[in-house]
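*Asks:* The chain contents come next:
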Amino acid sequence: MSKRTIIPFGPQHPVLPEPVHLDLVIEDEKVVEAIPSIGFIHRGLEKLVEKKEYTEMVYVIERICGICSFGHGWGCVGAIEGAMGIEVPQRADYLRTIWHELSRVHSHLLWLGLLADGFGFESLFNHCWRVREAVLDIFEETTGGRVIFSVCTVGGVRKDIDNATLRAISQKLEEIKKETQKLTGVFINDTSVKNRLCGVGYLSKEDATELCTVGPMARASGIVQDIRLTGNGVYDEIGFEPCVETAGDCWARCKVRIDEIYASINMIQTAIDKIPDTEIAVPVKGNFSGEFALRMEQPRGEAFYYAKGFDEPTKFMERMRVRTPTNMNIPAMVKTLQGCDLADVPMNILTIDPCISCTER
Amino acid sequence: MGSLFKKPATLMYPVVPREWQERTRGHIDVNEPECILCGMCMRKCPTNAITVDRNAHTWSIERMKCIQCGCCTYNCPKSCLTMAQTYTAPSVTKTVDTFEIPQKEKAGGAKSADGKLQNNIEECIYCGLCAKNCPQEAITVDRKEKSWKLDEEKCVKCGLCTEKCPKKCLEIK
Numbered sequence: 052m053s054k055r056t057i058i059p060f061g062p063q064h065p066v067l068p069e070p071v072h073l074d075l076v077i078e079d080e081k082v083v084e085a086i087p088s089i090g091f092i093h094r095g096l097e098k099l100v101e102k103k104e105y106t107e108m109v110y111v112i113e114r115i116c117g118i119c120s121f122g123h124g125w126g127c128v129g130a131i132e133g134a135m136g137i138e139v140p141q142r143a144d145y146l147r148t149i150w151h152e153l154s155r156v157h158s159h160l161l162w163l164g165l166l167a168d169g170f171g172f173e174s175l176f177n178h179c180w181r182v183r184e185a186v187l188d189i190f191e192e193t194t195g196g197r198v199i200f201s202v203c204t205v206g207g208v209r210k211d212i213d214n215a216t217l218r219a220i221s222q223k224l225e226e227i228k229k230e231t232q233k234l235t236g237v238f239i240n241d242t243s244v245k246n247r248l249c250g251v252g253y254l255s256k257e258d259a260t261e262l263c264t265v266g267p268m269a270r271a272s273g274i275v276q277d278i279r280l281t282g283n284g285v286y287d288e289i290g291f292e293p294c295v296e297t298a299g300d301c302w303a304r305c306k307v308r309i310d311e312i313y314a315s316i317n318m319i320q321t322a323i324d325k326i327p328d329t330e331i332a333v334p335v336k337g338n339f340s341g342e343f344a345l346r347m348e349q350p351r352g353e354a355f356y357y358a359k360g361f362d363e364p365t366k367f368m369e370r371m372r373v374r375t376p377t378n379m380n381i382p383a384m385v386k387t388l389q390g391c392d393l394a395d396v397p398m399n400i401l402t403i404d405p406c407i408s409c410t411e412r
Numbered sequence: 014m015g016s017l018f019k020k021p022a023t024l025m026y027p028v029v030p031r032e033w034q035e036r037t038r039g040h041i042d043v044n045e046p047e048c049i050l051c052g053m054c055m056r057k058c059p060t061n062a063i064t065v066d067r068n069a070h071t072w073s074i075e076r077m078k079c080i081q082c083g084c085c086t087y088n089c090p091k092s093c094l095t096m097a098q099t100y101t102a103p104s105v106t107k108t109v110d111t112f113e114i115p116q117k118e119k120a121g122g123a124k125s126a127d128g129k130l131q132n133n134i135e136e137c138i139y140c141g142l143c144a145k146n147c148p149q150e151a152i153t154v155d156r157k158e159k160s161w162k163l164d165e166e167k168c169v170k171c172g173l174c175t176e177k178c179p180k181k182c183l184e185i186k
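Protein chains in written order, with the working numbering: chain P, 52 to 412; chain V, 14 to 186.
FYI, nobody ran anything at the bench for these hints, they're computed from the structure.
Nothing here was measured: the structure is a model prediction, and the numbers come from that model.
Hints are supplied without guarantee of correctness; some may be wrong.
Heads up, incomplete: computed chain V residues facing chain P, CB under 8 Å, no partners named [stated by the list, open to error]:
#1 K19
#2 P27
#3 R31
#4 Q34
#5 P59
#6 R76
#7 I80
#8 C84
#9 A102
For each residue, glycine too, the CB sits at the ideal point set by N, CA and C.
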């Protein structure tokens with residue numbers, strides 16, 4: 052038996068956009084065990100619920116993460132609206148869906164870039180982020196922010212997008228789709244890329260189910276699980292179909308995310324065609340009371356939001372709980388790391404699309 | 014190969030200036046003459062970046078704390094806070110921008126503001142919404158005693174109570 056060595060991986064590492072630490076138990080070149088530890092960027096955002104009114108808490112929750120910021124904002128207001136029994140106008144629901152799907156496009160493009168950077172394809176990384184910039188420009192034009200939008204509010208959305216701008220966005224998305232097709236062809240077909248991804252980090256459907264894997268990680272292992280099939284928004288009206296692969300390796304996870312980019316673009320274009328002309332928000336009166344739990348499909352997978360008020364209605368919530376997708380995918384990541392080559396560790400970590408800011412909050 | 018014949022995707026900043034979108038959230042601006050120092054922005058700011066000092070007649074904002082959420086602009090009863098497009102200059106220290114708010118003088122030389130809050134007490138149902146929404150907690154309503162009291166020293170005449178009053182019996186005259 053070879054000698055076992057422990058190699059510390061992170062919290063500062065070139066492939067890690069955010070700090071997570073792994074103790075890799077190595078035998079020769081093989082990883083025998085990976086022991087993760089988090090806690091480097093805990094900010095205690097959930098605790099702020101005691102000091103911030105429920106309407107202000109939305110701004111706090113959407114700052115949990117920069118990449119899936121809109122989804123967090125929507126999850127928070129969705130839980131509050133559910134607890135208070137607020138009906139959101141249909142146009143607001145459509146606008147929320149459009150922004151959320153745009154967020155998914157930009158998140159997946161960002162991730163593709165990081166993956167390319169991870170396997171050493173620098174120019175592909177730059178091209179992915181170049182295309183992503185066009186999506187960020189749409190965000191700035193429609194919300195005023197490139198990363199944090201601050202448009203979701205209890206009762207609807209703060210800003211409307213006029214129909215002419217929506218049509219222009221639809222055309223821009225067509226260009227983004229063409230640009231993306233040039234890039235994704237490399238991820239799917241290029242031999243050197245496939246050498247780094249195919250057969251690496253295999254996670255079987257049974258393991259994925261047992262480890263409660265969520266999001267693209269689960270769908271790449273053949274599990275048809277997507278909260279958009281059941282959750283809020285207007286997904287039932289815009290032809291949503293989950294993207295599923297069965298290979299269960301890093302390449303399959305990459306393929307699922309690539310397919311989701313195109314699916315999201317198609318859904319946004321359908322939503323733009325169907326968007327009704329109604330109000331964008333309803334006035335919200337009174338204090339917060341009640342209790343509600345909501346699930347949302349974030350770019351990284353299922354997120355869970357729970358809002359609870361005090362017995363007597365007040366401006367404050369008693370509890371706001373967020374469970375994020377990376378939190379659920381870390382056990383699966385540890386599983387895929389067991390038995391992999393040391394050189395494949397970055398790929399295995401990157402393909403769960405880790406978001407440690409979300410995980411620690 | 015195609016990239017060789019395309020224009021650069023990046024902007025030659027600062028030689029080519031950045032074009033701001035109409036909705037870009039850059040920094041908060043205050044229209045000093047309109048501000049009534051009600052303190053609503055200070056209460057609503059999620060990061061406590063704004064400080065309103067009614068005694069010193071100043072409105073100040075800590076730029077590094079401000080997260081450009083726009084919460085204050087939505088809650089300002091006088092709409093004197095706006096979101097400007099440009100970002101503030103980078104800084105290595107936590108700078109606080111302080112604005113002097115001019116004292117509002119009546120024509121007769123009295124202390125302040127545009128009239129006085131008055132309640133048509135015959136119409137009042139003592140619901141207490143005015144008291145709940147008053148940013149300065151200047152109104153006290155007792156439903157059992159059927160009393161409505163105004164602390165004129167505290168009242169900043171923001172008009173929020175008049176908007177919220179379901180019977181429209183409050184008026185600033």
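*Asks:* If a hint holds in the structure, say so; if it doesn't, say that too.
*Replies:* Outcome of the hint check:
1. Here the hint on K19/V is broken, as its CB sits about 10 Å from the closest CB of chain P, past 8 Å.
2. Taken as an interface hint, P27/V does not check out: its beta carbon lies about 18 Å from the nearest beta carbon of chain P, beyond 8 Å.
3. The interface hint given for R31/V is broken, as the beta carbon of that residue sits about 11 Å from the closest beta carbon of chain P, more than 8 Å.
4. Checking Q34/V against chain P: minimum C-beta separation of about 5 Å stays under 8 Å; hint holds.
5. Checking P59/V against chain P: minimum C-beta separation of about 4 Å stays under 8 Å; hint holds.
6. A distance limit of 8 Å between C-beta atoms decides the matter here; for R76/V the minimum to chain P is near 16 Å, and the interface restraint is violated.
7. For I80/V, the suggested interface contact is upheld, since its CB lies about 7 Å from the closest CB of chain P, less than 8 Å.
8. About 6 Å separates the beta-carbon of C84/V from the nearest beta-carbon of chain P, less than 8 Å, and the hint is met.
9. Evaluation of the A102/V hint against chain P yields a violated restraint, the C-beta minimum of about 19 Å exceeding 8 Å.
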